[in-house]
Each structure stands twice: as structure tokens, then as C-alpha cells.
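Trainee: Chains as they are written, first to last, in the numbering used here: chain B, 1 to 143; chain U, 1 to 113.
Honestly, the hints are just simulated from the structure, not real lab data.
It is possible that part of the hints are untrue.
Partial selection, computed: residues in chain B whose CB lies under 8 Å from chain U [what the hints assert, rightly or not]:
id, residue
1, G26
2, L34
3, M37
4, A39
5, T41
6, G83
7, Y91
8, S93
9, G94
As a list, the in silico SDA-like pairs of lysine to any residue whose alpha-carbon atoms are at most 20 Å apart [what the hints assert, rightly or not]:
id, chain 1, residue 1, chain 2, residue 2
10, U, K80, B, A89
11, B, K31, U, A36
12, B, K31, U, S77
13, U, K80, B, P111
14, B, K13, U, I25
15, B, K13, U, F20
16, B, K13, U, R32
17, B, K31, U, R32
18, U, K80, B, V81
19, B, K13, U, L23
Remember, predicted model here, so these are calculated numbers, not experimental data.
All C-beta atoms in this analysis are idealised placements derived from N, C-alpha and C, irrespective of residue type, glycine included.
As a plain string of letters, each chain reads:
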Amino acid sequence: MATILTLLALLSKFVGVVFLFAAALGVTRFKDTLQRMHAATKAGTVGAIFVMLGVVLQLQRTDATVVGLAAIAFLLITIPVAGHLLARATYISGGSISGLAGDDALKGVLPREERPLEERIFAQLASQAEEEREVEGRRRRRG
Amino acid sequence: MSARPLSRAYDVLMLTGVFFYELAISSVAVARAAFARTPQTNSAIIAVPVNLRTDFGIAVLANLITLTPGTCSLHVSEDKRTIYIHALDAPDADAIIAGIQSAFEDRIRRIEG
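Make a model of the complete structure from these sequences and hints.
Mentor: And the structure:
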């Protein structure tokens, strides 16, 4: 019995690691943030759940089981909320949606910046530097 | 609230079961897309009409959408009649909408009572 449980634990952890690896691979390979969110939320959750189940099966203690199942429950509750908000923030702040092949039903529903955040920050920094140079130049001419 | 607590418990159990089934399927799909030599993805943002009365029901539906078949909820409209979702691979928007409605929305509505 104990052997079977240990084997099951090993198998479960292995499956979890495969899913987590797929999630990491998806995050690096998909085209835009919204697509990467799919990898991070789905495959990531399932991978974490399997690893957690494996640990529970291996330890075979009441406290470990309670903590493990609670962790799974909280993963299932929190990860979709985080994914939803991150994806929404990406859309609003003008993140790339270059992977979009079909239609964009959100167009006109949510405000969307035209340029991604990095470009806007760089543009702002550049204009600030320009201003400072102007001020410096004026001071030198006066003095 | 409900005259039939037993049937509601049954609906909750069914929803949980369907949810885990769909979660497994969608993770395999995402994993396969991640391992593919060239990721085949036709993403789209789709408006899904919802017909739920309670905020809790809508929150549950949005969460379930994020964790299941290639979709990720993006935004809920102000009047709570539409959920905007991002689909990883959406050759047919109507099929995805129908899938969400038959798998989750109808069950949640029955649980709402």
C-alpha cells in the first residue's frame, strides 16, 4: 500500500513538473501578453496542483493533507482573478496584441493606449532630458 | 432560498466535476501549443452575452472561463450583460460562446435558483 502511494506521489509530481515546464515554455514562446496569460494561468495551475497532490500523497499526514488541499483551493480562487486583472491591465495600457488574428470585440468598449508602456516611459524621459538641457543652456547663457 | 437543496447540491457537484474535466483538457491544449514547433494560435477577443442575476454568479463564471478551454476573461461590461474574453485559438467564435453557455452558465443559473 505504502509503495503504491509513493509511486502515485512520484507520478503525480512528474506530471505536475511536465505541466509547469510547458507553462514556462508557453510564457517564453507565445506571441503576446494575452496569449502568455493562458500558459501561466491554465498549465501553471494544473502543474502546481499535481505537485501539491504528489506531496500530500507522499507525506501521508493529516496536517500536510489539510494544508495541501487548502493551497490547491486558494490557487484555484486567486490565479484566475490575477490573470483577469493582468490581462485587462495589459489591454488598457496598450500592451502588444499582435497575436490577435480574429476580431477585437473590446475595441471601443475599454479605453486603450496607443503605445505600450515602455515606449511612453522612454518618450517621457527623453522630453524631460530635453527640458533640463534647455534650462541648463539658458542658465549658462545668462551667467 | 431554494426549495430543493438536494438538487442544488447536485448542480454544484456537477459544476465542479465539469470544471475539473475542462481544466484538464485546456491545460493539455495549452501545453501542446507550447511544445508545438510553431505555436498555432488564432487569438481573438470575443464578447460573450451573460444572463446571470447575482454578482457572485458572474464572478464565478469569469473565474471558470479563465481556467478553461483556451479562454481568459478580460472585462465585464458595466451593465453586467457581457463578458469579454480572450481566446487563445478561436477559429469559430460562436462555438466558444455556445460551449461556455452550455458548460457553465446554465449550471450557474440553476444554482442561483
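Trainee: Decide, hint by hint, whether the structure agrees.
Mentor: Against the structure, the hints:
1. G26: holds, 3 Å
2. L34: Where the cut-off is 8 Å and the nearest Cβ of chain U is about 5 Å from L34 (chain B), the hint holds.
3. M37: holds, 5 Å
4. A39: holds, 6 Å
5. T41: holds, 6 Å
6. G83: Status holds, d = 5 Å.
7. Y91: holds, 6 Å
8. S93: violated, 13 Å
9. G94: With a closest approach of 14 Å, the G94 (chain B) hint is violated.
10. U:K80 - B:A89: holds, 19 Å
11. B:K31 - U:A36: Distance of about 13 Å is within 20 Å: holds.
12. B:K31 - U:S77: violated, 27 Å
13. U:K80 - B:P111: holds, 18 Å
14. B:K13 - U:I25: holds, 19 Å
15. B:K13 - U:F20: holds, 18 Å
16. B:K13 - U:R32: Holds: K13 (chain B) and R32 (chain U) sit about 19 Å apart, inside 20 Å.
17. B:K31 - U:R32: Holds - the C-alpha atoms of R32 (chain U) and K31 (chain B) are around 15 Å apart, at most 20 Å.
18. U:K80 - B:V81: holds, 17 Å
19. B:K13 - U:L23: Cα-Cα ~18 Å, so holds.
Hint compliance for this structure: hints 8, 9, 12 are broken, all remaining hints hold.
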